[in-house]
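**Q** Can you join these two chains into the complex? Each is in its own frame, and there are hints to help.
Top to bottom, those sequences are chains A and B. For the first sequence, the numbering used here begins at 1 and goes up steadily by one. For the second sequence, the numbering used here begins at 364 and goes up steadily by one.
Simulated from the structure, these hints should not be mistaken for laboratory data. Cβ coordinates follow ideal geometry from the N, Cα and C atoms, glycine included. Do not take every clue at face value.
In silico BS3-like links for lysine-lysine, alpha-carbon gap of 25 Å or less [unchecked claim]: (1) Lys192/A to Lys169/A; (2) Lys415/B to Lys438/B; (3) Lys488/B to Lys110/A; (4) Lys90/A to Lys453/B; (5) Lys453/B to Lys322/A; (6) Lys322/A to Lys632/B; (7) Lys452/B to Lys110/A; (8) Lys468/B to Lys270/A; (9) Lys208/A to Lys263/A; (10) Lys436/B to Lys110/A; (11) Lys451/B to Lys608/B; (12) Lys453/B to Lys263/A; (13) Lys600/B to Lys632/B; (14) Lys263/A to Lys293/A; (15) Lys322/A to Lys438/B; (16) Lys632/B to Lys270/A; (17) Lys608/B to Lys90/A; (18) Lys488/B to Lys263/A; (19) Lys468/B to Lys292/A; (20) Lys165/A to Lys208/A; (21) Lys468/B to Lys110/A; (22) Lys90/A to Lys660/B.
Derived Cβ-Cβ restraints for the label pairs, each shown as a range [to be verified]: (23) Pro472/B to Pro327/A: 15 to 23 Å; (24) Phe108/A to Arg657/B: 20 to 28 Å; (25) Phe108/A to Phe510/B: 37 to 45 Å; (26) Lys600/B to Glu32/A: 48 to 56 Å; (27) Lys451/B to Asn123/A: 52 to 60 Å.
Stretch-level coverage of chain A by chain B, calculated; a stretch enters the list once three of its residues show a Cβ under 8 Å from a Cβ in chain B [what the hints assert, rightly or not]: (28) 43-51; (29) 195-206; (30) 273-286; (31) 312-324.
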Amino acid sequence: MPLSFPYVGTFTYVFESIARGMRRDDVIVPHEPTAKTKQRGSSASSEFVCTPFKMLLGSIIEVIERGAYEIVATVFVDYCRLGYYSPLYKIILEDMGYEFDLINLDWFDKVDFFRSFKKLACNVNAIQAFQAFRVGWIKNRYIDLIDKLLYSYGAVEITKGTSYKTAHKLYRQVVETDGMKNIRQLPFIINKTFEDEVEIDEELKPLKVGIVGELYAVVEPAINLDIMRRLNDLGVVSYTPITFTRWIDLGQRMNPFKKWHYKACIRSAKPYVRYPLGGKTRESLGSVVEFKKEGWDGVIHLYPFTCMPEIISRSILPQVSKEHNMPVLSLVLDEHTGEAGIQTRLEAFIDLLERKRTDGGEK
Amino acid sequence: MKSSNNMVKIGIPRALLFYKFSALWITFFEELGAEIVISPITTKKIKDDAVKNAPDEDCYSTKLYFGHVLALKDKVDYLFVPRFGGRKKKYVGCPKFIGLAEVLKSMIPDLPPILMPHYNRGMDKNTRIGLVMRAYRLGRVVTINPFKRIKAIWRAFKALRIHNRELIIDEETLSRWEKSEIVLNDFPIYTLNQRVLKVALVGHSYVLNDPYSSLNIRSLMQEYGVDIITSEQMPRKFIENQMAKLEYDIYFDFEREILGTIMHFLETKTIDGIIHLMIFSCGPDSIAGEIASRFSKRDTVIPLLQLVFDELTGEAGMRTRIEAFVDMLRRSIEERVVLLPAKVHI
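In isolation and in its complexed conformation, chain B is listed as follows (with noise of 0.2 Å):
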């Protein structure tokens, strides 16, 4: 099945692991010389058919996914739902990530064939080399050509490796960062004699970068001349020290991230505050959110606030807590001030 101008098109849904991966994935089938449709932005349609047509129980992400594809439905030849199982050894995702392809072929009939390469390195033992050859196989879909594909899997994983360069800032500017010397988004809109606060953004990332999921909080935060940093952001050597402190592996990939976050910053106490969400019944956030709460309580210098989100949260009341939290940040500034390690060395 070809479209008019002959390319092959391939739907690619705008939730779950498409911020995790947008570069390589998109990289990829552009350089084969498929024509992408990335869903849109989530909208409230878009939730309204995720929610009547996804399982009950599944958490909202995922219950997203559904209506993204739905959005995709009748535009596209292929969709691509990948079966991700861990990038590392030892470290494995969700198992909805692995489930999902097959969920979404038993529970909606008429949708066009899923393209669902498998990878899992964590516990199914695949090798880098076993990706590089499923993704030449992958590629049969859209051309027969060989180099093309080569190429095709050679410029992605370029890609993906520019994307995270850039995504993730490295030691030296977070440092600066931490003496408030720099900013790292666009600077937030603030008052006279008010300094910009600094708050670490922590949770997945298809929780931080869809505005609809995460009620628009990075612009809110801005409102309220709050400079964050993402969990994404972190240096990778910061998490991994963090995580080498626990007695135990965490081993849910992504949430190493979240959690390693959160322990850096209790334990430099170089910003104001953390705000962690959480999306309603994601198994892995229930654990990471729980030990990040107790560690919190136990040492309770930086203030964490944990919110939680599912398809019935309003946008007031979230705006009001996040409005406490950032007021009750402020208040407080004077005796945070003191604890900056940066003013303890001068």
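Here chain A stands alone, though its shape is the one from the complex (with noise of 0.2 Å):
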């Protein structure tokens, strides 16, 4: 049964990876998202569900369409609405009139992670799945690296989309690299294809901004409508803590001496936020104190459009950016964002962090 599962920006190179690990062969890589896909989706969800959702959707739709059958999705309790993100595609696509399987992989249910892990992973045994698994980790950290690499060289190169291709080559040598003696080499690779083949203008000392907020609208590049590369353009080196790192990554979890930037965040946040309340509430506040600490020039706060927990972050973060002197930008996103208006307001605040640097200069 062809397998498959939503398209989640790069993190998709990781759900490949894995797939390739458990030999899986009849693997339907989904498409980056277009402007179809967000109208289906919007069409088939309610009204005012979360955009996240909406597009999800239609990404599913569209490789159901492409001939999956199994699809891959996540179940769990949290104070948002992601948990119920699964049980309603799975009635709404009925209704739709489609064939399909839904596999839900609790993430907080370990035991029963594995099972549903192993039941996609039909052709190899329980430690190959995990090795599998395993393997697909790693290479996230690795997708990661190029990640972080490909928004910091965007911002210096001389020729402009010099460090964007290099960064899809890369990608698809992650995913498409075997055996763990090579995949330990990656990095170095990484590392020296970036230098070697991106020519960067030294003199330059641009902007840093860090991109904050829920996870979906930081990680794929068709809500945000790429903000990060358009951070890039405007000469500006953008980062982002927000990877799904923190939850697929055993191996850094289990190790102790590790130092999480997310568990800062939450310390920092603590006079404004005490309890958790889903979502990266907490860490969209902290991040504002630590990226203060740490030298940052601005932060950029993005949320989809009635994200629950967001909104409160978007409430107090004023107040944050205040106490600290950190210039805070707060962006909405939902599938009719338009491409002008997120562009100038970026401008508007690039312009603010430039001349606020040379303001503090001269003090």
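**A** In structure tokens:
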């Protein structure tokens, strides 16, 4: 039965490599979401459900129409609607008359997770399936590394677009590398390729902007209109601490010495929001403080329309920004967000940051 | 800061969870010996203040909360805005109930001190003993007498139990109501030769019980000769039975009540229609509403009307839709009578 999954930013490459590791050659790799995807997703879902729901639904409809039968989805209890996605997709897609099988990976129930995972990996035994998953989380680190380098080199490259091309070549290379020995070589290859292939202007001192907010809104270029690349085009280094690493990277999670950025952020957010309330609320608030400490110039906060937890962080962010003298731009995103609107606001924000930097220098 | 008659004034906004836990909170503070100031019933002024001051993307009910807080601001020594996460294991409330106190503190600078006890049995693994301890500590604001505080906690929980017992009807009453033997509300006005319609009015308690945000739908129903049962009144057993039929857990606590009621009546087919009141951009509602509408499309005997409210909803438009819905129910009444299980048994 052909296996597939919805498109989620560069995490798609990790999915793909896990599926390869499980020797599933019937994987249907989803395409990047387009305007059509957004349209199909929103027409099938309810009116004010959050935008990630609509876009993932659109992506699932597209892969089902391309012949996929088994769809990987996730389900868990949080304060957020994410846990309802999969049950509701099932009802909606059944009503639309599709034939499919949603396989729910419940991350908070580890035994059940690996049981469902084993069901997917029908060609291999349990140890090989776990090994495939392990390779997946290791490759996830390198995909994150490529992302990080792409959005730093992108700001200072001389010929626009070279780092983007390099990154896309490297993503494929990461997915297609087999064997643990070769995989361990990847970070050196990635660093070296970027150094060799991207010509940079060493004299530039670009502004640095951190991106925080809701997971999907940050990692999916189709919903945030590729905001990180837009910042690069304006000559600004962008970086996001929000990736899938903290969940799927069991290796790093078991390491007691690993310093997690998000944990530091949660500590910093304590004066503002004390208790967990779902989403990345505390992390969004705390990262403003943390980024300030690390010497970044500004923070952009992204969240989809009607996202419940992030509205809370959006309401408290002005206070945090004022108290720590850190410029913050909050952007609401939905399927109707226009490019021109985002571009204008980004340019205004970057102008503000530049002026702040020069003024600060004079003082 | 004590007022002239030496009583601590505690302000409770009449919005959101107040409609669920008013008995608990009012009894607790009254027994402690505080003066309670409850904000007035929502008016147009409160709504206008709310819309002006609240964050744009919040749901309509949360916006109204801001209006109620502003109405209380200068009249009280303390504001009581609890941070409530969930009252049962694994089930949570809306995240806004947890974050609201902190958002208020951050957005409205000159507020009186906010009392914000936190209780979350759902995800934070708080225990019932923990709740009592927190209530005990909270009581310090009003009195230092430990016996008085313990007594207040005891009486408050008792008051809540009595309130819930009065509110929630038992299974026998429900089945008698379903057979049209009794009415639940004050007798609906009805004209000759017209049977009283039975309609389930489902929604959050802060929508059902707030005449302003629900555009007075309860008295409107009475006017049209409709007897209503609300989702709050449903016996818990039926709701849990319905929830067990789903393959997945509905983990928003208040949404279980709503979806359970709709599913129960879609299945038993003992009433004429269901009206679901939703609030615009309410997260849990968007999920439960979608599930409910999909289920009702699969089983079309009982009509379901979903009304979405926000600050721009006009009364005339809402009235027309409800009128049309009631007319439709009346027209199809002859067929419906045959479907009543009570008739089938005879």
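**Q** Confirm or reject each hint.
**A** A quick look at each hint next to the structure:
1. Our distance criterion of 25 Å between C-alpha atoms is met by Lys192/A and Lys169/A, whose separation comes to about 13 Å.
2. Using a Cα cut-off of 25 Å, the hinted pair Lys415/B and Lys438/B holds, with the two alpha carbons roughly 21 Å apart.
3. Among the hinted pairs, Lys488/B with Lys110/A is consistent with the structure: their alpha-carbon atoms are about 20 Å apart, no more than 25 Å.
4. Distance hint between Lys90/A and Lys453/B is fulfilled; the C-alpha atoms sit about 23 Å from each other, no more than 25 Å.
5. A distance of roughly 37 Å separates the Cα atoms of Lys453/B and Lys322/A; the hinted pair therefore is violated under the 25 Å criterion.
6. At roughly 57 Å between alpha-carbon atoms, Lys322/A and Lys632/B are farther apart than 25 Å, so this suggested pair is violated.
7. Between the alpha carbons of Lys452/B and Lys110/A the distance comes to roughly 19 Å, so the proposed pair stays at or under 25 Å and holds.
8. Distance check on the hinted pair: Lys468/B and Lys270/A sit about 14 Å apart at the alpha-carbon level, within 25 Å; holds.
9. The hinted pair formed by Lys208/A and Lys263/A meets the criterion: a straight-line CA distance of about 22 Å does not exceed 25 Å.
10. Simply put, Lys436/B and Lys110/A have alpha-carbon atoms about 48 Å apart, too far for the 25 Å limit, and the pair is violated.
11. Between Lys451/B and Lys608/B the CA atoms are separated by roughly 19 Å; this keeps the pair inside 25 Å, and the hint holds.
12. Between Lys453/B and Lys263/A the alpha-carbon distance is near 24 Å, which keeps this suggested pair within the 25 Å criterion.
13. A C-alpha spacing of about 18 Å is found between Lys600/B and Lys632/B, which places the hinted pair at or below 25 Å, so the restraint holds.
14. A distance of roughly 15 Å separates the Cα atoms of Lys263/A and Lys293/A; the hinted pair therefore holds under the 25 Å criterion.
15. For the hint linking Lys322/A to Lys438/B, the alpha-carbon distance of about 29 Å lies beyond 25 Å, and the restraint is violated.
16. In summary, the hint linking Lys632/B to Lys270/A is not supported, as the alpha carbons are separated by about 50 Å, beyond the 25 Å threshold.
17. For the hint pairing Lys608/B with Lys90/A, the CA-to-CA distance comes to about 15 Å; that is within 25 Å, so the pair holds.
18. As the CA atoms of Lys488/B and Lys263/A are separated by approximately 20 Å, the hinted pair is consistent with the 25 Å bound.
19. With a C-alpha separation of about 23 Å, the suggested pair Lys468/B and Lys292/A falls inside the 25 Å cut-off, and the hint holds.
20. A threshold of 25 Å between alpha carbons decides the hint, and for Lys165/A with Lys208/A the separation of about 22 Å falls inside it, so the pair holds.
21. Using a Cα cut-off of 25 Å, the hinted pair Lys468/B and Lys110/A is violated, with the two alpha carbons roughly 39 Å apart.
22. This hinted pair checks out: Lys90/A and Lys660/B have alpha carbons roughly 15 Å apart, not beyond 25 Å.
23. Separated by about 21 Å at the C-beta atoms, Pro472/B and Pro327/A satisfy the suggested range of 15 to 23 Å.
24. As the Cβ distance of Phe108/A to Arg657/B is approximately 26 Å, the hint placing it in 20 to 28 Å holds.
25. Between Phe108/A and Phe510/B, the C-beta spacing of about 43 Å keeps the proposed range 37 to 45 Å intact.
26. Our hint of 48 to 56 Å for Lys600/B and Glu32/A holds, since their Cβ atoms are close to 49 Å apart.
27. Restraint check, Lys451/B to Asn123/A: a C-beta distance of roughly 42 Å breaks the suggested window 52 to 60 Å.
28. Residue count for the region 43-51 of chain A with a Cβ under 8 Å from a Cβ of chain B: 6. That meets the three needed, and the coverage hint holds.
29. Here's how the region 195-206 of chain A fares: 0 of its residues keep a CB closer than 8 Å to some CB of chain B, so the rule of at least three is not met and the hint is violated.
30. By the rule of at least three residues with a Cβ nearer than 8 Å to a Cβ of chain B, the coverage given for the region 273-286 of chain A holds, with 8 such residues.
31. With 6 residues bearing a CB less than 8 Å from a CB of chain B, the region 312-324 of chain A meets the requirement of three and the coverage assertion stands.
Against the hints set out earlier in the document, violations occur for numbers 5, 6, 10, 15, 16, 21, 27 and 29.
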